[in-house]
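So you can see what is in the structure, the chains are spelled out below.
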Amino acid sequence: MSLTFDILLLLYLVAAALVVAQAKDLLAASIVFSSYGLALCLLWQYRGAPDVAMAEAAVGAGITTVLFLVAIGRTTRREK
Amino acid sequence: MYAWPHWLALVVMTPLAGAALTPIAALLDRRSPPWWALATMTFTSLAATMLVLRVFAEGPFSYLPGGWAAPYGVELRFDEFSAVVGVICLIGWMAILFSSRYTRSLPEFASDRSPYYYALLLLNLGGMIGFAVTGDLFNLFVFLEILSLSGYALVAVGGERIAEMAAFKYLLMGAVSSVLVLFAIGFLYGMTGTLNIADVTARLGALEGPTAPAAVALALLAVGFVTKAAIFPLHVWLPDAHAAAPSPVSAVLSGLVVKLGVIGMIRTYRIYYGAGLFDLTVLNHVLMWLGAISIVMGAFFAIFQEDVKLMLAYSTISNIGYIIMGLGLATTYGVIGASVHIFNHALIKATLFLAVGAIIYRTGYRTLSDLRGVGRAMPLTSVALSIGAISIVGIPPTAGFLCKWYITLGAFEANQPLFGFVLVFGALLIFVYYIRMVNAFYFREPIHAEVTEAREVPVSMLLPTLVLASLCLIMGVLGRIPLTFIEPGVVRLLAPLGG
Amino acid sequence: MIVMLWHNIDYVASVVLFSIGLYVVIAKENLIKKFLGLNIMETAVFAFIIALGMVEDGRPPIMTGDAQGPFASPLPQTLVLTGIVVAVSTTALALTLIIRIFRRFGTIEANELREME
Amino acid sequence: MRRPIAIALVLLSAIPLVVAVAGLPAHGDPSAPVHTHVSAHYIERGAEEAGATNLVTGVLLNYRGLDAAGEVTVIFTALIAVLAILLGTGTTPESTASSRGASDRRGADRESTVAPVSPIVSFVVRLLAPFIALYAAYVILHGHVTPGGGFQGGAILAGLFIALAMVLGTRAMQPVARTALAPWLQGAAVLSFVVVGTVGAFLTGFFLGFPAEPPLHLVRELLIIALEVGIAIGGAAVLATIFLHMEAS
Amino acid sequence: MEVVDIRPMLAPGVSFACAAMVFLFGRNTNWRRFWMLSAATIKMIVVLSMLPGSLRGVVYTFDLVDFTGGIGLGFRADALGMFFALVSSSLWVATTVYAIGYMRDDEKRVRFFGFFALCVSTTVGIAFAENLLTFFLFYEMLTICTYPLVIHYETPEALSAGRTYLTYTLIGGAFVLVGTVMVHDATGTLSLGHPGILDASISPGRLGVIFALLIAGFATKTALMPLHGWLPRAMVAPTPVSALLHAVAVVKAGAFGIVRTVYNVFGIELLDDLGFALPLAALAAVTIIVASVIAIFQEDLKRRLAYSTISQISYIVLAASMLTPFAATAAIVHFANQALAKITMFFVAGAIQRTTGKTNVHELAGIGHQMPWTMGAFTIAALSFIGIPLFAGFITKWYISLGALESGQWWFLLVMITSSLLNAAYFLPIVHLAFFKPARGDAVPVKEARPTLLIPTLVCAAWVLLLGTMSEVPGMPFSLAEAAVRFVFRM
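Residue numbers (the working numbering), protein chains in the order written: chain W, 191 to 270; chain H, 2 to 500; chain L, 49 to 165; chain Y, 278 to 526; chain B, 145 to 635.
Read the hints as simulated data drawn from the structure, not as lab findings. Please note that a few of the clues may not be correct.
Short, incomplete list of chain Y residues facing chain H, as computed with Cβ under 8 Å [stated by the list, open to error]:
{"hint": "1", "residue": "308"}
{"hint": "2", "residue": "311"}
{"hint": "3", "residue": "330"}
{"hint": "4", "residue": "344"}
{"hint": "5", "residue": "351"}
{"hint": "6", "residue": "355"}
{"hint": "7", "residue": "412"}
{"hint": "8", "residue": "451"}
{"hint": "9", "residue": "453"}
{"hint": "10", "residue": "456"}
{"hint": "11", "residue": "460"}
{"hint": "12", "residue": "462"}
{"hint": "13", "residue": "479"}
Here chain L is said to cover these stretches of chain H; the calculated rule only asks that three of the stretch's residues, wherever they fall, bring their Cβ under 8 Å from a Cβ of chain L [what the hints assert, rightly or not]:
{"hint": "14", "region": "187-197"}
{"hint": "15", "region": "350-363"}
Cβ coordinates follow ideal geometry from the N, Cα and C atoms, glycine included.
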């Protein structure tokens with residue numbers, strides 16, 4: 191079970207990264223990036239690193255995403 | 002006096018603490034930040050002096066924050082190369098003093114930005130000092146980030162039209178190179194289980210199993226630090242960033258920050274030479290060639306620049322090329338020359354940027370044709386500029402000469418006469434563009450009234466320029482002191498090669 | 049063999065994520081996108097470092113009285129904690145610069161900016 | 278044109294990286310150097326030497342205290358950098374608040390970031406705010422025993438602040454950012470390291486040292502908590518201020 | 145016998161201090177003149193005071209700084225250096241007086257005299273350089289200090305000439321530097337205090353590269369063909385500068401470098417074994433002939449003198465590369481002979497230009513009647529160049545010819561004779577024109593040049609005669625040259 195879970199999480203990470211890379215809508219990309227951060231957080235919790243997972247959830251997935259959203263709000267949402 | 006152990010902790014923490022207190026000082030008195038920053042750097046300079054004296058008297062020494070023995074805690078290690086903190090303090094001090102007047106002329110530089118500007122400068126200097134004295138790989142990365150982040154912001158702080166873009170370009174390349182360095186640190190940690198540089202070296206040397214990770218880590222470190230040092234072809238961020246920054250910042254960035262990439266390379270070499278895992282001839286050759294290309298290319302581009310600051314920025318690429326080439330030669334003479342050039346080029350480039358900054362401050366112009374005849378209007382500043390120009394070309398008896406002499410000797414010692422030629426003739430190319438500058442400043446008629454009417458800058462700007470200029474001369478005449486100072490460090494670095 | 053590969057999958061995944069991030073940084077013109085890519089690169093390296101410190105059936109390195117090993121290595125975790133802070137700092141600065149660039153030039157596409165320069 | 282070059286470059290870097298990771302000690306192998314050298318010492322002795330059951334906190338604040346000092350300096354640098362770039366451009370929170378008066382409808386609209394907040398969300402956020410704050414305090418103060426620590430707690434606090442700012446409108450939060458206390462709060466993390474480090478130097482003879490003798494264990498605990506609180510306040514203040522300034526720009 | 149003495153450093157130091165005073169307090173004309181003249185005099189006294197010792201075989205040395213491991217700044221007044229220093233410091237006095245008269249109404253006098261003094265300082269530094277590094281240092285400083293003098297008038301033409309000058313001399317300097325590095329790499333020393341520091345243990349290929357680099361580097365300043373392009377163009381400079389460039393400083397510094405390379409870096413025996421000297425001699429011979437031929441066709445007086453310089457200075461190279469004692473004597477003595485005669489000619493050209501505004505040769509018809517003293521000096525110098533006995537130039541040619549016979553290479557004699565004829569062909573028409581043709585066109589009555597211009601000219605001309613007639617008298621420079629030759633040939 192653990193290996194399957196591993197693989198699924200990692201596959202999700204790669205897929206999310208690809209979506210972030212290809213999405214033309216920056217807002218969508220940012221949200222997907224946030225979910226990517228949460229998946230990482232899950233992975234790390236599972237790897238025996240709860241401290242890091244907590245930091246990633248609060249900072250990586252939370253505040254970083256908010257900052258991206260603010261920046262997108264102040265500039266433009268579409269990637270040309 | 003210098004044997005007091007805590008100087009090493011103080012030299013790192015003082016600028017950082019000073020930076021944290023600068024906005025608070027500004028709350029109490031709006032005009033205090035420059036003087037507060039100056040006081041901080043004065044104390045830091047005292048500590049740095051003690052450290053340099055100690056390393057001169059005793060050789061390398063360590064400080065253990067928290068009292069934890071080396072591989073378990075972070076080790077601060079002060080060796081001969083760390084003596085660069087002396088130069089960092091000196092130039093930092095001068096740049097802050099210079100800024101106290103200079104920043105008044107910047108567009109968008111409202112007074113409420115001022116405390117943060119000085120805090121950034123202090124953080125930048127503190128980051129560099131920490132980078133230079135730490136003996137721990139991850140700590141190296143942390144200080145690298147402090148100095149890089151503050152560096153990016155300092156580029157943008159002047160409010161030039163392209164400043165923010167230049168800063169972003171710098172930030173992007175700098176951040177990627179930081180990630181590479183962190184990746185490499187991860188590899189090294191994974192192979193050895195430790196982060197202490199000396200310990201990594203020893204355990205890497207005793208490594209069993211595949212060496213591929215170590216090789217890749219070396220490549221990552223080299224690419225990362227070479228980007229920070231702005232060597233061709235990873236130099237693209239430098240010209241705009243250094244030209245768009247306020248002049249005292251350019252002095253710090255061009256004189257010091259890029260050098261920390263070189264210090265990083267020296268640390269990398271220390272690990273890999275010491276571990277003796279593989280022959281570094283390939284890397285050395287790559288660095289020699291890249292250095293040579295940087296020398297020629299930087300000088301060549303500089304010739305065609307009209308903007309004085311852009312010209313100086315390209316000349317930095319050229320000079321870093323000398324240093325990297327000297328490192329790649331891997332002979333005693335070559336590495337000594339390269340190491341001393343770290344110090345001397347810092348002095349020279351700071352002189353040049355401060356002098357140019359003074360001229361821009363007074364006239365508002367920055368291209369060669371606009372600045373015609375400024376030499377007569379601002380004689381002292383122009384003399385400083387000329388001294389800097391002569392030094393950077395490497396004409397004896399100025400500071401630039403001995404380093405180039407040593408690196409050339411190193412080229413012949415390493416049986417690479419081609420690079421000796423590249424070096425000497427690269428210096429000629431450099432001379433060509435400084436001749437253009439001197440020609441325009443002294444031997445042409447002014448075309449702007451501002452230039453003719455320009456007065457000498459106030460003492461707070463003139464003093465740093467002149468002090469640094471005279472140091473360019475003094476370091477040339479007393480060139481033996483830095484050379485003999487750095488020699489034990491270089492010999493230790495290269496000892497694993499000679500067997 | 050396959051089991052071994054599955055055991056090492058974390059490293060490989062890190063490299064894949066790193067490469068995706070690098071690709072975004074190099075190939076995309078949008079500055080915000082570039083920075084999303086950089087964040088992916090950074091997290092990939094964090095994942096790599098965390099994976100280094102992991103042990104088979106490891107527990108978090110918290111030494112409450114009854115805890116029994118094996119424990120995951122605490123050192124990589126502290127490194128990554130610091131790394132996350134560094135990443136968010138860099139991001140904050142970069143986004144500020146991007147906002148300023150947009151204010152000045154009206155675009156954040158690198159190719160258009162190059163033309164304007 | 279850029280794409281093929283990028284792909285080539287990425288492949289060029291990815292292949293050696295894959296080869297390199299293949300050469301590393303097997304993933305999760307307890308006999309790898311990572312686990313047998315420095316970490317083994319931490320796991321064996323760390324809890325008593327560093328005075329923190331949570332070894333991550335122990336290593337971060339005690340063994341590698343200078344790293345943590347550097348870390349808080351990095352984020353402080355980010356704040357200073359953002360302020361240095363944004364101040365004086367006419368887009369500071371202060372000037373936004375004053376120049377874009379109530380008459381300026383656009384300015385009022387732009388106060389919340391993305392979209393108007395629904396009343397339900399608003400209610401939930403307000404309802405949860407004290408609990409989140411309580412949780413943050415727990416994470417901070419208990420960081421050396423359970424997962425968490427000053428920075429995580431600080432980030433949670435900052436997140437709370439940001440959520441409130443979105444719900445209540447940034448202008449409501451401006452007074453917080455404008456107090457004379459702000460620079461003290463923003464520099465709290467760095468300054469707490471300086472102070473605790475200096476105290477440590479007097480107590481143990483080493484900068485950032487923590488007294489390890491049993492009679493002084495309480496002092497050690499207090500110092501660590503002081504650091505954690507400092508980091509939390511500093512981290513939260515920095516992140517919140519950055520958000521406010523970017524929001525206002 | 146070597147004596148540690150500060151005077152070898154004092155000599156360049158005096159003019160350096162003078163330059164500093166001029167730059168700082170040069171606005172006041174009287175003070176400036178005072179500084180210039182007193183420094184020139186003091187320096188000549190300093191150099192002269194070492195002359196008796198030098199004639200006795202004493203070598204004064206002074207090490208200023210040792211950078212590290214034998215790389216340092218050191219001064220050493222041996223016979224050869226003394227000879228060069230004596231020539232340049234005594235001519236500095238003459239040139240200073242002349243320049244004060246010539247530049248009387250110039251706006252940028254302060255800059256002019258400041259760099260003028262620096263030039264002389266560096267020239268004496270070159271003469272007294274103890275090692276190749278010190279030599280190189282002063283050599284490069286000379287390049288830079290002459291640049292503002294060359295472009296003094298700041299016309300586009302002057303600026304372009306300045307660029308050419310810098311391009312040539314800096315590239316030459318780079319060659320010298322690489323050569324110097326290779327010498328250090330090969331031997332570990334750079335001292336010029338031995339009759340040859342390189343030895344046969346180094347591979348001939350490497351020696352060849354070193355020789356080529358050093359000679360090529362020095363030859364650019366010597367204006368040896370084909371590296372002479374800058375010299376005629378640099379004629380846009382004020383006349384005292386041309387005099388300085390041609391007679392005292394720049395060209396001579398290059399020639400001195402070649403002499404040092406041949407005698408002190410390689411040494412007679414080694415060069416003889418290697419056979420590198422012959423190509424150099426051939427090059428010099430070609431330069432002598434070709435430059436003379438070109439000179440014949442020059443209408444502008446100063447340009448004619450420039451090509452004459454290219455030709456004359458190659459005598460030194462030719463003589464030095466013959467590697468015999470007689471020829472060596474000629475090479476050294478020619479430093480003085482050429483300098484005095486050539487400076488006389490430039491003084492004359494300048495005096496004519498300042499007094500009448502004429503620069504072309506054909507305009508000089510009848511001027512001998514108006515300015516008899518000036519043109520008389522010119523005639524003396526011309527006769528000296530042609531090699532008429534009793535004039536200084538004769539001594540050179542005589543000893544070169546002796547050297548040619550000594551080395552058994554008769555074709556050098558042929559070169560000498562041809563050169564004399566060519567010299568006659570381009571100098572005598574001027575004398576003829578001046579004294580035996582009536583003035584053409586509107587003959588504005590012109591008086592003799594003003595005293596500050598005339599007196600230095602006459603003094604130099606007198607020295608040409610003196611050197612030609614009384615060179616064997618003890619205490620004259622000739623005996624110094626012989627001392628130098630004895631050292632070089634270990635006699």
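Cross-check of the supplied hints:
{"no.": "1", "hint": "308", "in the structure": "11 Å, violated"}
{"no.": "2", "hint": "311", "in the structure": "5 Å, holds"}
{"no.": "3", "hint": "330", "in the structure": "18 Å, violated"}
{"no.": "4", "hint": "344", "in the structure": "6 Å, holds"}
{"no.": "5", "hint": "351", "in the structure": "5 Å, holds"}
{"no.": "6", "hint": "355", "in the structure": "6 Å, holds"}
{"no.": "7", "hint": "412", "in the structure": "28 Å, violated"}
{"no.": "8", "hint": "451", "in the structure": "15 Å, violated"}
{"no.": "9", "hint": "453", "in the structure": "16 Å, violated"}
{"no.": "10", "hint": "456", "in the structure": "10 Å, violated"}
{"no.": "11", "hint": "460", "in the structure": "4 Å, holds"}
{"no.": "12", "hint": "462", "in the structure": "10 Å, violated"}
{"no.": "13", "hint": "479", "in the structure": "11 Å, violated"}
{"no.": "14", "hint": "187-197", "in the structure": "holds (count 4)"}
{"no.": "15", "hint": "350-363", "in the structure": "violated (count 0)"}
The structure does not agree with the numbered hints 1, 3, 7, 8, 9, 10, 12, 13 and 15 stated previously, though it agrees with the rest.
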